[in-house]
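Enquirer: Chains as they are written, first to last, in our numbering: chain Z, 267 to 611; chain W, 267 to 611.
Among these hints, one or two may not hold up.
[As the list claims (entries may be wrong)] SDA-like mimics (lysine to any residue), calculated; alpha carbons at most 20 Å apart, straight line:
{"id": "1", "chain 1": "Z", "residue 1": "K526", "chain 2": "W", "residue 2": "C360"}
{"id": "2", "chain 1": "Z", "residue 1": "K610", "chain 2": "Z", "residue 2": "R283"}
{"id": "3", "chain 1": "Z", "residue 1": "K526", "chain 2": "W", "residue 2": "R300"}
{"id": "4", "chain 1": "Z", "residue 1": "K367", "chain 2": "W", "residue 2": "A281"}
{"id": "5", "chain 1": "Z", "residue 1": "K526", "chain 2": "W", "residue 2": "Q368"}
{"id": "6", "chain 1": "W", "residue 1": "K367", "chain 2": "Z", "residue 2": "K405"}
{"id": "7", "chain 1": "Z", "residue 1": "K526", "chain 2": "W", "residue 2": "V322"}
{"id": "8", "chain 1": "W", "residue 1": "K526", "chain 2": "Z", "residue 2": "F570"}
{"id": "9", "chain 1": "W", "residue 1": "K526", "chain 2": "Z", "residue 2": "I527"}
{"id": "10", "chain 1": "W", "residue 1": "K405", "chain 2": "W", "residue 2": "R300"}
{"id": "11", "chain 1": "W", "residue 1": "K367", "chain 2": "W", "residue 2": "D406"}
{"id": "12", "chain 1": "Z", "residue 1": "K610", "chain 2": "Z", "residue 2": "V377"}
{"id": "13", "chain 1": "Z", "residue 1": "K562", "chain 2": "W", "residue 2": "Q368"}
{"id": "14", "chain 1": "W", "residue 1": "K526", "chain 2": "Z", "residue 2": "K610"}
{"id": "15", "chain 1": "Z", "residue 1": "K526", "chain 2": "W", "residue 2": "C366"}
{"id": "16", "chain 1": "W", "residue 1": "K526", "chain 2": "W", "residue 2": "A499"}
{"id": "17", "chain 1": "W", "residue 1": "K462", "chain 2": "W", "residue 2": "K387"}
{"id": "18", "chain 1": "W", "residue 1": "K526", "chain 2": "Z", "residue 2": "D364"}
{"id": "19", "chain 1": "W", "residue 1": "K526", "chain 2": "W", "residue 2": "Q483"}
{"id": "20", "chain 1": "Z", "residue 1": "K367", "chain 2": "W", "residue 2": "G442"}
{"id": "21", "chain 1": "W", "residue 1": "K367", "chain 2": "Z", "residue 2": "D340"}
{"id": "22", "chain 1": "W", "residue 1": "K562", "chain 2": "Z", "residue 2": "D528"}
{"id": "23", "chain 1": "W", "residue 1": "K526", "chain 2": "Z", "residue 2": "H436"}
{"id": "24", "chain 1": "W", "residue 1": "K562", "chain 2": "Z", "residue 2": "C360"}
{"id": "25", "chain 1": "W", "residue 1": "K343", "chain 2": "W", "residue 2": "Q295"}
{"id": "26", "chain 1": "W", "residue 1": "K526", "chain 2": "Z", "residue 2": "K405"}
{"id": "27", "chain 1": "Z", "residue 1": "K526", "chain 2": "W", "residue 2": "K367"}
{"id": "28", "chain 1": "W", "residue 1": "K367", "chain 2": "Z", "residue 2": "Q502"}
{"id": "29", "chain 1": "W", "residue 1": "K562", "chain 2": "Z", "residue 2": "I347"}
{"id": "30", "chain 1": "W", "residue 1": "K367", "chain 2": "Z", "residue 2": "Q443"}
{"id": "31", "chain 1": "W", "residue 1": "K405", "chain 2": "W", "residue 2": "D340"}
{"id": "32", "chain 1": "Z", "residue 1": "K367", "chain 2": "W", "residue 2": "G503"}
{"id": "33", "chain 1": "Z", "residue 1": "K405", "chain 2": "Z", "residue 2": "D340"}
{"id": "34", "chain 1": "W", "residue 1": "K526", "chain 2": "Z", "residue 2": "W437"}
{"id": "35", "chain 1": "Z", "residue 1": "K367", "chain 2": "W", "residue 2": "K367"}
{"id": "36", "chain 1": "Z", "residue 1": "K526", "chain 2": "W", "residue 2": "E495"}
{"id": "37", "chain 1": "Z", "residue 1": "K526", "chain 2": "W", "residue 2": "H369"}
{"id": "38", "chain 1": "W", "residue 1": "K526", "chain 2": "Z", "residue 2": "R361"}
{"id": "39", "chain 1": "W", "residue 1": "K526", "chain 2": "Z", "residue 2": "Q376"}
{"id": "40", "chain 1": "W", "residue 1": "K387", "chain 2": "W", "residue 2": "V322"}
Hints listed in this document are in silico derivations from the structure and should not be mistaken for laboratory results.
2 protein chains.
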Amino acid sequence: MANTEGYAAFGAESALRPFSFDRREMGPQDVQIRIEYCGVCHSDMHMAHNDWGRSVYPFVPGHEIIGRVTALGDQVKGFSIGELVGVGCMVDSCRTCDACKQHLEPFCPQVVMTYSRTDPKYPDAVTQGGYSSHIVVDKDFVLHVSETLDTAAVAPLLCAGITMYSPLRHWQVSPGQTVGIIGLGGLGHMGVKLAKAMGARVVMITSSEKKAADAKQLGADVAIISTNEADMAAWQGQFDLLVNTIPVAHDVNPYLGLLKIDKTMVIVGGTPIELHSMGLIFGRKRIAGSLIGGIKETQEMLDFCAEHQIVPLVEHIALEDINTAYERLAVGDVRYRFVIDMAKS
Amino acid sequence: MANTEGYAAFGAESALRPFSFDRREMGPQDVQIRIEYCGVCHSDMHMAHNDWGRSVYPFVPGHEIIGRVTALGDQVKGFSIGELVGVGCMVDSCRTCDACKQHLEPFCPQVVMTYSRTDPKYPDAVTQGGYSSHIVVDKDFVLHVSETLDTAAVAPLLCAGITMYSPLRHWQVSPGQTVGIIGLGGLGHMGVKLAKAMGARVVMITSSEKKAADAKQLGADVAIISTNEADMAAWQGQFDLLVNTIPVAHDVNPYLGLLKIDKTMVIVGGTPIELHSMGLIFGRKRIAGSLIGGIKETQEMLDFCAEHQIVPLVEHIALEDINTAYERLAVGDVRYRFVIDMAKS
Chain Z
267 MANTEGYAAF GAESALRPFS FDRREMGPQD VQIRIEYCGV CHSDMHMAHN DWGRSVYPFV
327 PGHEIIGRVT ALGDQVKGFS IGELVGVGCM VDSCRTCDAC KQHLEPFCPQ VVMTYSRTDP
387 KYPDAVTQGG YSSHIVVDKD FVLHVSETLD TAAVAPLLCA GITMYSPLRH WQVSPGQTVG
447 IIGLGGLGHM GVKLAKAMGA RVVMITSSEK KAADAKQLGA DVAIISTNEA DMAAWQGQFD
507 LLVNTIPVAH DVNPYLGLLK IDKTMVIVGG TPIELHSMGL IFGRKRIAGS LIGGIKETQE
567 MLDFCAEHQI VPLVEHIALE DINTAYERLA VGDVRYRFVI DMAKS
Chain W
267 MANTEGYAAF GAESALRPFS FDRREMGPQD VQIRIEYCGV CHSDMHMAHN DWGRSVYPFV
327 PGHEIIGRVT ALGDQVKGFS IGELVGVGCM VDSCRTCDAC KQHLEPFCPQ VVMTYSRTDP
387 KYPDAVTQGG YSSHIVVDKD FVLHVSETLD TAAVAPLLCA GITMYSPLRH WQVSPGQTVG
447 IIGLGGLGHM GVKLAKAMGA RVVMITSSEK KAADAKQLGA DVAIISTNEA DMAAWQGQFD
507 LLVNTIPVAH DVNPYLGLLK IDKTMVIVGG TPIELHSMGL IFGRKRIAGS LIGGIKETQE
567 MLDFCAEHQI VPLVEHIALE DINTAYERLA VGDVRYRFVI DMAKS
């Protein structure tokens, strides 16, 4: 029964192509969702190209999924047919390990990512993501999405949004603090909006004059140029938190001097880190990592965004445009996230 | 008036030699101390050799000083003639900056280190340390030392002791936690004793079978060999805190896997740090730096050590033996700290 239509990656070198596949049968705990929008995450492109060496083909990318409930398993409570819901980067976990008990499912050793992974409960298939017409997901990994948000723009909250919300909350951003967001892209622009809504003074730190101007339009109180020595000198020791979103190899050292004593630079992008311990020892500073949040925190983030009317800035595409979108993504040509509009596709 | 006798470094290449110098005049806030013992810190040797490029010659090293009060300035309260006191790595700071207000004098931009630095109040001289007969120090940088401690062994608490106590306290070590001390030397052996006294299960992580055995004698509950894959695999995700004391360049990556989710490896030694951000992102882990503590915390540490009867394991030398001691220190041949006994000298 080939009842799901989407676009899949078939190999590291090839473009994404149309793909029909059987969606998994509904279990008693499952929610079936007709997908309306799906964000295009940078990691989708890395997985399509097998940049991390763990892609299982063919697979449908997409883990920023917004849609409406079309069917419910017998035992599902709390969701209703037609309800607006979201699915993010994970679709299951073990529920019993230390990570799961702490609502930190991303760190569960058995976490099932939304696409290109094997689900222990359905070992004959790989998981298939959101560049498709439908998805079936365990109810515990389905999020409620407020109708008050702009449905067409909300999808990237499921990955980019929670990736920024989680460290800002974990490190307890609050009014009176100065928070630096390093890098303005899909993540960075969410960081500016979220940190601002949490009451912080928000400083964008970017190498680009143009992005500095954009950041102020997004709500940053100040934007400084990371390559400008006077800017960097003026902000030494001023930051309560830095969230570094730069997704490529870069020198992290210039940013450490910006931190106050005892404060932290959180890294959310993939980058080598090379420094000398003295850069941390003087001032008792810290470098920390952060991934997406757990399901409980993701729901909290969606509710926070509804309360503060925060959605990403997006550019809509049709499913057929995905390969062009990847080409533009590879050169950073997007403000700030592509979202596939399934109705256009 | 050449009224102080000591041993000084005169240049990067030369051995330490006898040195007579005028100690500074007593101010109304000063305490004069006749030195009985002075610990030999690895950093003394680096400074003598100008390894960090900021030594001012001639200077008398030594910042783990134990002695008795021989004179008090007019306005000094809270100390008495003959009292056992200590002086550590600092002898003054500005008292007004953010760091000083937080009792974190080591991070004061104007902190005056105990030797080979200029004191803004006495700009014509460099500070002279504890390899000498006497020292004059502002009362706010003089510590009370309990007579119940072994006076002959207590000196290294002033640097090695506080360097380990500070991160263990800052990261809130408590009963029920598993704390790893990486490396067994002057710092590491204090870490084992202090973490044990705080109630933690203490694991020594060392590359040496001999040091593993020593660590157990010092009170470590377990000792594991860092180059033993089975040991390291068995302890993945088990640690609430790691304090890394390795004083030379080494690969920090194997230790990150030992941490539980959300936990920290504190680095107290000078080492390059090279890793990929993914080593921190998965598990939301942290690398932090830590230096000596402030004066308030140093007094707290001395009181804690008196309460728990903790002193370092030391080997006594005469002042004349200092060059031989440096040679042995350079090859790690000391268990675990040399202490100069001025009465022998």
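Enquirer: Now look at each hint and say whether the structure bears it out.
Expert: Right, here's what the structure says about each hint:
{"no.": "1", "hint": "K526(Z) - C360(W)", "in the structure": "holds, 18 Å"}
{"no.": "2", "hint": "K610(Z) - R283(Z)", "in the structure": "holds, 17 Å"}
{"no.": "3", "hint": "K526(Z) - R300(W)", "in the structure": "violated, 39 Å"}
{"no.": "4", "hint": "K367(Z) - A281(W)", "in the structure": "violated, 60 Å"}
{"no.": "5", "hint": "K526(Z) - Q368(W)", "in the structure": "holds, 12 Å"}
{"no.": "6", "hint": "K367(W) - K405(Z)", "in the structure": "violated, 52 Å"}
{"no.": "7", "hint": "K526(Z) - V322(W)", "in the structure": "violated, 30 Å"}
{"no.": "8", "hint": "K526(W) - F570(Z)", "in the structure": "violated, 29 Å"}
{"no.": "9", "hint": "K526(W) - I527(Z)", "in the structure": "violated, 25 Å"}
{"no.": "10", "hint": "K405(W) - R300(W)", "in the structure": "holds, 15 Å"}
{"no.": "11", "hint": "K367(W) - D406(W)", "in the structure": "holds, 14 Å"}
{"no.": "12", "hint": "K610(Z) - V377(Z)", "in the structure": "violated, 32 Å"}
{"no.": "13", "hint": "K562(Z) - Q368(W)", "in the structure": "violated, 36 Å"}
{"no.": "14", "hint": "K526(W) - K610(Z)", "in the structure": "violated, 46 Å"}
{"no.": "15", "hint": "K526(Z) - C366(W)", "in the structure": "holds, 13 Å"}
{"no.": "16", "hint": "K526(W) - A499(W)", "in the structure": "holds, 13 Å"}
{"no.": "17", "hint": "K462(W) - K387(W)", "in the structure": "violated, 41 Å"}
{"no.": "18", "hint": "K526(W) - D364(Z)", "in the structure": "holds, 10 Å"}
{"no.": "19", "hint": "K526(W) - Q483(W)", "in the structure": "violated, 27 Å"}
{"no.": "20", "hint": "K367(Z) - G442(W)", "in the structure": "holds, 19 Å"}
{"no.": "21", "hint": "K367(W) - D340(Z)", "in the structure": "violated, 62 Å"}
{"no.": "22", "hint": "K562(W) - D528(Z)", "in the structure": "holds, 17 Å"}
{"no.": "23", "hint": "K526(W) - H436(Z)", "in the structure": "holds, 16 Å"}
{"no.": "24", "hint": "K562(W) - C360(Z)", "in the structure": "violated, 47 Å"}
{"no.": "25", "hint": "K343(W) - Q295(W)", "in the structure": "holds, 9 Å"}
{"no.": "26", "hint": "K526(W) - K405(Z)", "in the structure": "violated, 28 Å"}
{"no.": "27", "hint": "K526(Z) - K367(W)", "in the structure": "holds, 14 Å"}
{"no.": "28", "hint": "K367(W) - Q502(Z)", "in the structure": "holds, 19 Å"}
{"no.": "29", "hint": "K562(W) - I347(Z)", "in the structure": "violated, 63 Å"}
{"no.": "30", "hint": "K367(W) - Q443(Z)", "in the structure": "holds, 19 Å"}
{"no.": "31", "hint": "K405(W) - D340(W)", "in the structure": "holds, 11 Å"}
{"no.": "32", "hint": "K367(Z) - G503(W)", "in the structure": "holds, 15 Å"}
{"no.": "33", "hint": "K405(Z) - D340(Z)", "in the structure": "holds, 11 Å"}
{"no.": "34", "hint": "K526(W) - W437(Z)", "in the structure": "holds, 18 Å"}
{"no.": "35", "hint": "K367(Z) - K367(W)", "in the structure": "violated, 40 Å"}
{"no.": "36", "hint": "K526(Z) - E495(W)", "in the structure": "violated, 38 Å"}
{"no.": "37", "hint": "K526(Z) - H369(W)", "in the structure": "holds, 15 Å"}
{"no.": "38", "hint": "K526(W) - R361(Z)", "in the structure": "holds, 18 Å"}
{"no.": "39", "hint": "K526(W) - Q376(Z)", "in the structure": "holds, 16 Å"}
{"no.": "40", "hint": "K387(W) - V322(W)", "in the structure": "holds, 17 Å"}
Comparing the model with each earlier hint shows violations of hints 3, 4, 6, 7, 8, 9, 12, 13, 14, 17, 19, 21, 24, 26, 29, 35 and 36; every other hint is respected.
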